[in-house]
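Residue numbers (my numbering), protein chains in the order written: chain A, 1 to 283; chain B, 1 to 283; chain C, 1 to 283; chain D, 1 to 283.
Just so you know, these hints were derived from the structure itself, not from any lab.
Hints are not guaranteed to be accurate.
It does not matter which identical chain is used: a pair holds within one copy or between any two.
Derived lysine-lysine pairs resembling DSS-like cross-links, with alpha carbons at most 27 Å apart [unchecked claim]:
(1) Lys210 x Lys265
(2) Lys265 x Lys62
(3) Lys95 x Lys271
(4) Lys210 x Lys199
(5) Lys199 x Lys62
(6) Lys144 x Lys181
(7) Lys271 x Lys181
(8) Lys144 x Lys210
(9) Lys271 x Lys210
(10) Lys147 x Lys271
(11) Lys62 x Lys144
(12) Lys87 x Lys199
(13) Lys62 x Lys210
(14) Lys181 x Lys210
Number of protein chains: 4
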Amino acid sequence: METAVLKLHCPDRGGLVARVSGFVFEHGGNIIASHQHIEQLGDRLFMRVHFSLPELDAGRPKLEADFAEIARELEMVYEFTYSTTRKRMAIMVSKYDHCLHDLFFRHQYGELGADIPLVVSNHPDLREISERFDAEFQHIPVSKETKAESEIRTLSLFDDYDIDFVVLARYMQILTPRFLKAYPNRIINIHHGFLPAFKGARPYHQAYEKGVKIIGATSHYATEDLDMGPIIAQETVHVDHSHSAEDMLRLGRDVEKQVLARAVKAHIEDKIMVYNNRTIVFD
Amino acid sequence: METAVLKLHCPDRGGLVARVSGFVFEHGGNIIASHQHIEQLGDRLFMRVHFSLPELDAGRPKLEADFAEIARELEMVYEFTYSTTRKRMAIMVSKYDHCLHDLFFRHQYGELGADIPLVVSNHPDLREISERFDAEFQHIPVSKETKAESEIRTLSLFDDYDIDFVVLARYMQILTPRFLKAYPNRIINIHHGFLPAFKGARPYHQAYEKGVKIIGATSHYATEDLDMGPIIAQETVHVDHSHSAEDMLRLGRDVEKQVLARAVKAHIEDKIMVYNNRTIVFD
Amino acid sequence: METAVLKLHCPDRGGLVARVSGFVFEHGGNIIASHQHIEQLGDRLFMRVHFSLPELDAGRPKLEADFAEIARELEMVYEFTYSTTRKRMAIMVSKYDHCLHDLFFRHQYGELGADIPLVVSNHPDLREISERFDAEFQHIPVSKETKAESEIRTLSLFDDYDIDFVVLARYMQILTPRFLKAYPNRIINIHHGFLPAFKGARPYHQAYEKGVKIIGATSHYATEDLDMGPIIAQETVHVDHSHSAEDMLRLGRDVEKQVLARAVKAHIEDKIMVYNNRTIVFD
Amino acid sequence: METAVLKLHCPDRGGLVARVSGFVFEHGGNIIASHQHIEQLGDRLFMRVHFSLPELDAGRPKLEADFAEIARELEMVYEFTYSTTRKRMAIMVSKYDHCLHDLFFRHQYGELGADIPLVVSNHPDLREISERFDAEFQHIPVSKETKAESEIRTLSLFDDYDIDFVVLARYMQILTPRFLKAYPNRIINIHHGFLPAFKGARPYHQAYEKGVKIIGATSHYATEDLDMGPIIAQETVHVDHSHSAEDMLRLGRDVEKQVLARAVKAHIEDKIMVYNNRTIVFD
Numbered sequence: 001m002e003t004a005v006l007k008l009h010c011p012d013r014g015g016l017v018a019r020v021s022g023f024v025f026e027h028g029g030n031i032i033a034s035h036q037h038i039e040q041l042g043d044r045l046f047m048r049v050h051f052s053l054p055e056l057d058a059g060r061p062k063l064e065a066d067f068a069e070i071a072r073e074l075e076m077v078y079e080f081t082y083s084t085t086r087k088r089m090a091i092m093v094s095k096y097d098h099c100l101h102d103l104f105f106r107h108q109y110g111e112l113g114a115d116i117p118l119v120v121s122n123h124p125d126l127r128e129i130s131e132r133f134d135a136e137f138q139h140i141p142v143s144k145e146t147k148a149e150s151e152i153r154t155l156s157l158f159d160d161y162d163i164d165f166v167v168l169a170r171y172m173q174i175l176t177p178r179f180l181k182a183y184p185n186r187i188i189n190i191h192h193g194f195l196p197a198f199k200g201a202r203p204y205h206q207a208y209e210k211g212v213k214i215i216g217a218t219s220h221y222a223t224e225d226l227d228m229g230p231i232i233a234q235e236t237v238h239v240d241h242s243h244s245a246e247d248m249l250r251l252g253r254d255v256e257k258q259v260l261a262r263a264v265k266a267h268i269e270d271k272i273m274v275y276n277n278r279t280i281v282f283d
Numbered sequence: 001m002e003t004a005v006l007k008l009h010c011p012d013r014g015g016l017v018a019r020v021s022g023f024v025f026e027h028g029g030n031i032i033a034s035h036q037h038i039e040q041l042g043d044r045l046f047m048r049v050h051f052s053l054p055e056l057d058a059g060r061p062k063l064e065a066d067f068a069e070i071a072r073e074l075e076m077v078y079e080f081t082y083s084t085t086r087k088r089m090a091i092m093v094s095k096y097d098h099c100l101h102d103l104f105f106r107h108q109y110g111e112l113g114a115d116i117p118l119v120v121s122n123h124p125d126l127r128e129i130s131e132r133f134d135a136e137f138q139h140i141p142v143s144k145e146t147k148a149e150s151e152i153r154t155l156s157l158f159d160d161y162d163i164d165f166v167v168l169a170r171y172m173q174i175l176t177p178r179f180l181k182a183y184p185n186r187i188i189n190i191h192h193g194f195l196p197a198f199k200g201a202r203p204y205h206q207a208y209e210k211g212v213k214i215i216g217a218t219s220h221y222a223t224e225d226l227d228m229g230p231i232i233a234q235e236t237v238h239v240d241h242s243h244s245a246e247d248m249l250r251l252g253r254d255v256e257k258q259v260l261a262r263a264v265k266a267h268i269e270d271k272i273m274v275y276n277n278r279t280i281v282f283d
Numbered sequence: 001m002e003t004a005v006l007k008l009h010c011p012d013r014g015g016l017v018a019r020v021s022g023f024v025f026e027h028g029g030n031i032i033a034s035h036q037h038i039e040q041l042g043d044r045l046f047m048r049v050h051f052s053l054p055e056l057d058a059g060r061p062k063l064e065a066d067f068a069e070i071a072r073e074l075e076m077v078y079e080f081t082y083s084t085t086r087k088r089m090a091i092m093v094s095k096y097d098h099c100l101h102d103l104f105f106r107h108q109y110g111e112l113g114a115d116i117p118l119v120v121s122n123h124p125d126l127r128e129i130s131e132r133f134d135a136e137f138q139h140i141p142v143s144k145e146t147k148a149e150s151e152i153r154t155l156s157l158f159d160d161y162d163i164d165f166v167v168l169a170r171y172m173q174i175l176t177p178r179f180l181k182a183y184p185n186r187i188i189n190i191h192h193g194f195l196p197a198f199k200g201a202r203p204y205h206q207a208y209e210k211g212v213k214i215i216g217a218t219s220h221y222a223t224e225d226l227d228m229g230p231i232i233a234q235e236t237v238h239v240d241h242s243h244s245a246e247d248m249l250r251l252g253r254d255v256e257k258q259v260l261a262r263a264v265k266a267h268i269e270d271k272i273m274v275y276n277n278r279t280i281v282f283d
Numbered sequence: 001m002e003t004a005v006l007k008l009h010c011p012d013r014g015g016l017v018a019r020v021s022g023f024v025f026e027h028g029g030n031i032i033a034s035h036q037h038i039e040q041l042g043d044r045l046f047m048r049v050h051f052s053l054p055e056l057d058a059g060r061p062k063l064e065a066d067f068a069e070i071a072r073e074l075e076m077v078y079e080f081t082y083s084t085t086r087k088r089m090a091i092m093v094s095k096y097d098h099c100l101h102d103l104f105f106r107h108q109y110g111e112l113g114a115d116i117p118l119v120v121s122n123h124p125d126l127r128e129i130s131e132r133f134d135a136e137f138q139h140i141p142v143s144k145e146t147k148a149e150s151e152i153r154t155l156s157l158f159d160d161y162d163i164d165f166v167v168l169a170r171y172m173q174i175l176t177p178r179f180l181k182a183y184p185n186r187i188i189n190i191h192h193g194f195l196p197a198f199k200g201a202r203p204y205h206q207a208y209e210k211g212v213k214i215i216g217a218t219s220h221y222a223t224e225d226l227d228m229g230p231i232i233a234q235e236t237v238h239v240d241h242s243h244s245a246e247d248m249l250r251l252g253r254d255v256e257k258q259v260l261a262r263a264v265k266a267h268i269e270d271k272i273m274v275y276n277n278r279t280i281v282f283d
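Take these sequences, add in the hints, and give me the full structure.
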């Protein structure tokens, strides 16, 4: 069954849900799921409608043209996505392979409805695993001097491979604003700490020294403000005095994989909206 | 702001969401939240629409009359509830007070949008706490011989106090089918075990003997099939070999309180639908 | 059965566990539980021995005198506590009653092996509940001008009531270093945020604005460094975009109660040791 | 650092901990960790002592001979294991690869201190992954007629490969009592349900039909009593009405992997003792 997702937000006013669901119905669509959220601060409606359409590709132009008028009238920010257009995802890694492995594994199990045509890394180590899962592996080293050039090469690769969104699966380089702006709210990072605590380097060592009893991981969209982009998913795990920083690394791997996979899956299924540096994740 | 909730289920067909949200709009309502679920087995749509209506009480008769026609046409089972009609809840207890206490406490904090005019118990012990929270306390002893009569007295009290639904907050008596049928899907029980494991008596002792590493509690609508009614909420907690059955009782109290409160709150907010002995809980 | 707990820490060297358990045996004690931890940083042994002693009170002087020699030789910091000496706990509160209520409730259920003779508050509101649970309630208002004097009065009350340790059950005043030093590692605070994130005021509002997907609570020993004392227990709960700051307050109440109770219980049972601003909690 | 673990249980009596730790000390050992548990039912002491010994292999014969005398005197059931003797683990699988994958992955990360020389399967599918991680893969088909013979071949392979313990990583065959008795408390199974609920086949489908709000997985030692052996570890995950049985399968994979890995790690580190069909897991 071919389906579409319409995500939108706009100033709240009466009858919006009826208006949108009516629109879908008039165009022959049948609503599978519909979610709304009214943001307290700002009186703004967020809506996600998942619907099936018998002749999806044929109906798309008219659907979009007709909706553009409504959107203009109601000051909507909106986006249509279609099940007939499978998303293409690039993964950036360094040397840690647990998140990469986990994403490939879920991909193979059919948990993620996207393709993974490309892996880019600043180290050569993860070529074999990438190729085993039929992804092209590109080794693009990064140094202070070459960073700008490396990013340009990477973005150019993304173009070549028609990449829709990027997953930083423990990519240990800081990306420049220029790079980040090329994929706004489409670069998903995993931070191995419970943000907003433990920003920056070596969060598990920070956690150990603080003597916290819980550690965590955070998946968020990467923005210029390091480790401060809109949070998509978080998870925690209990620790105690007997856990060394190395034990936390081990426990952390399990949590990181899960949190990143949850965020990536939500992104692929068009369940995330971003507003004012917060996410609305319609589950 | 006065609001209404419409819950309905019916055979799935195209355009139902648009039809219902259009209906609400045409009657002057503005949708605050709308949830749908299509049950795989049986191709049935479940829907909950929460909407505000400027002159709720004035508009009710026409709203209901008009909807009755749609419902007939589309074979809907449905129910309207209104924020202007606060639900009235009776609590049945024996001697354990932790769930009773917790419900009163949440009531006092404004977490539960219902009134608690009545507590019925087969023991006299919990009179003081009930009266402290302004509930009438009725001691109705139960023995094998008097059970039928006790239940009749209890149902009669429920009538007198205009009771909408009943919470069995660790009420240690088995209720008869006749009693249960008087409040179908409106009697909420808390079972101190992770159903469907550990049905019946002394579940924590059963858990201890089995050497399980997790215990739990289950809140469900009471049906004739003891501890087998539709499950509303469940929660678990880890245990290990060092926990005695008494420790499990202690941990269990915390879990029971939470699970029961969650179920009661969902019921009060009209978030639960029952079909084929399963619940749909729209959160 | 009368029991004692010996907690100690010292530089690690061979044979310490054998030495301590041998000591207990030679004095007629039988070990019920024994825990050790070797702190990586600093090569320091932490040990807790829980043992029964047939004639505990009679044997105490010799036990302590003999152990003093061992401790001197092995540079031990140590403490004996006895089941025959029940701890006396003072609770300080302001207006929020959920943690106070919960502690009293657990006390009544026999979960906490301590007495609660005294409640001190800077507001008069919680007198009734305190007295209902047989605690003396003392209203000691605090203003900028009177803070020093209020603290002196409070400490004097603690003396009068033979208070062993203090629980800040959402006490909304900052205590001075002088006050804190009077009960080192014996003042337990509950912070309604997941430390070290969200220090200071209104953590749930901070959490809402950051758009975190998990909130938490932290129990710790109060030190001069506000919200930075050694952490005893932490717990988290999932939230999403649909939770307002008020919803987080509600969820937070449940988490705060649990985390505080867990810390208080561990303290009462002499399971906590503090070193370098971290806790070792022997469970 | 070379270390040993001594696990023992015996009727409780005074001074046992001192006796055992004194024994370790007299033989030159230094205790790293020591755990005790006194089982309420039966008054039986369980103890695990982890200690380092400077010349472990040289000292072993005397250590064991001397302890045998103590054990006889005190009616101890006991076992020594040594870090110098790395355990050898066989994995049995059918077609599902998620648990196998996860174990190999953790093995590669150094999380599991054991070798995995052998994988046995009744299907040929998982040869490639096994060989990639340097395990010998043996395809031993099983049918009703050949089961006895297949098991004999498998046991013979275990002998050839010096297998210490076996992990059933979603092995979809029922093993005969004869097979199970060859490795008592050394065959670890993962059941994809929260035992003792949902024994037997298709537990997620059972869970879906019951409408439970939590599903789980259970790792246990395999015994003749199917899915009823001593439980080692359990974990749960929340589900709701929107989860199909297929969704539960997906969520279940994550939980199964974790629970099995936790059990396998505890077994490898000699942290598990079994008595009366319950486990004591010293963490």
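Hints, one by one, checked against the model:
Only between protomers do lysine 210 and lysine 265 lie at most 27 Å apart by alpha-carbon distance; the minimum there is 22 Å, versus 33 Å within a single protomer. Proximity of lysine 265 to lysine 62 under the C-alpha cut-off of 27 Å is found in neither arrangement, the shortest distances being 29 Å within a copy and 44 Å between copies. Neither within a single protomer nor between protomers do lysine 95 and lysine 271 lie at most 27 Å apart by alpha-carbon distance, with minima of 30 Å and 33 Å respectively. Taking the shortest Cα distances, lysine 210 and lysine 199 sit within 27 Å of each other both inside one copy (14 Å) and across copies (14 Å).
With identical chains, the CA atoms of lysine 199 and lysine 62 are never at most 27 Å apart, being 47 Å at best within one copy and 53 Å at best between copies. Proximity of lysine 144 and lysine 181 under a CA criterion of 27 Å is satisfied intra-copy only: 20 Å inside one chain copy versus 50 Å between copies. Taking CA atoms no more than 27 Å apart as the test, lysine 271 paired with lysine 181 passes inside one copy only; the shortest distance there is 21 Å, against 41 Å between copies. When the C-alpha separation of lysine 144 and lysine 210 is checked against a cutoff of 27 Å, the pair qualifies neither within a copy, at 32 Å, nor between copies, at 32 Å.
With identical chains, the CA atoms of lysine 271 and lysine 210 are at most 27 Å apart between copies only, with a shortest distance of 19 Å across copies and 35 Å within one. In this assembly of identical chains, lysine 147 and lysine 271 lie within 27 Å of each other by CA distance neither inside one copy nor across copies; the values are 33 Å within and 49 Å between. Taking the closest pair of Cα atoms, lysine 62 and lysine 144 never come within 27 Å of each other, the shortest separation being 49 Å inside a single copy and 61 Å across copies. When the C-alpha separation of lysine 87 and lysine 199 is checked against a cutoff of 27 Å, the pair qualifies neither within a copy, at 30 Å, nor between copies, at 40 Å.
In the homo-oligomer, the alpha carbons of lysine 62 and lysine 210 never lie at most 27 Å apart, since the shortest distance is 58 Å inside one protomer and 39 Å across protomers. Only between protomers do lysine 181 and lysine 210 lie at most 27 Å apart by alpha-carbon distance; the minimum there is 21 Å, versus 35 Å within a single protomer.
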